[in-house]
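If you read the protein sequences in the order shown, they are chains A and B.
Numbering-wise, my numbering puts 419 at position 133 of the first sequence, and it's gapless, one number per residue.
Numbering-wise, my numbering puts 721 at position 34 of the second sequence, and it's gapless, one number per residue.
Keep in mind that the hints were calculated from the coordinates and are not lab data.
Each residue gets a CB set at the ideal place from its N, CA and C atoms; glycine is no exception.
Fair warning: there could be bad hints in the mix.
As the list claims (entries may be wrong) - Partner residues aside, some chain A positions facing chain B, computed with beta carbon under 8 Å:
1. Pro396
2. Asn414
3. Ile419
4. Asp424
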Amino acid sequence: MRIHLFTFLFLIVSLGQIQAQSFKDKFFRTHGVQFDATLMPSYLTESTPQRVAQYIGGSLIGYHYGLRYNIVELSDNQSIGIGIDPNVGILSAGVFSISETSGLLSASIPIEFSFTTGAGSTYNSSANNGFSIRGGIDLNFVPLFFFDSELNLKNFILFLI
Amino acid sequence: MTLGYYGFGETASLFEMFLRYNFAKNVNSDLSKNEGLLPAIVLTIGFSTVIGY
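Hey, can you work out the whole structure from these sequences and the hints?
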């Protein structure tokens, strides 16, 4: 029994060392700007819930910071990974809204599996260009805050203070 | 609800453009209240190019 236990611990330590050495080589990060558009149904007012209008918002600009880990590297130019790409929209306003509500700020946290080929797939890739397709679930807060009337400078200042 | 993103990202040496589409549907939501977390299926395609070494 002691022999088996020793072997087990030895394997764990060995795997841990291998993982520690390879983790950095399979770990990718990205950051940048983004633009997004949102289309969702909305009640015109709380008192008239049967009337549905379209709320259209848009982030003029947003920021995202992504992390990806390559689970499998099929070759130097192909990899399968899992990543998270949380992002925040600086402004998600009802600029085009025909409802009486407006929103401010949006955030989402996509958690995706990815297949990447070419540049960016692995650190050993020598390709100049790459392509990736990703899919998963996205956790959204859109918008983060609401206004009872159209978003304007006055409401924005009142919101800040 | 539908979300679309058009983003630009940069790793240590790569420049990436991506298009993300979010399949979320919330027909009877009351947007006068913040409903908080809304999960959805998301698909993203990206193109990357080398900008430095």
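Hints versus structure:
no., hint, result
1, Pro396, "holds (5 Å)"
2, Asn414, "holds (5 Å)"
3, Ile419, "holds (5 Å)"
4, Asp424, "holds (4 Å)"
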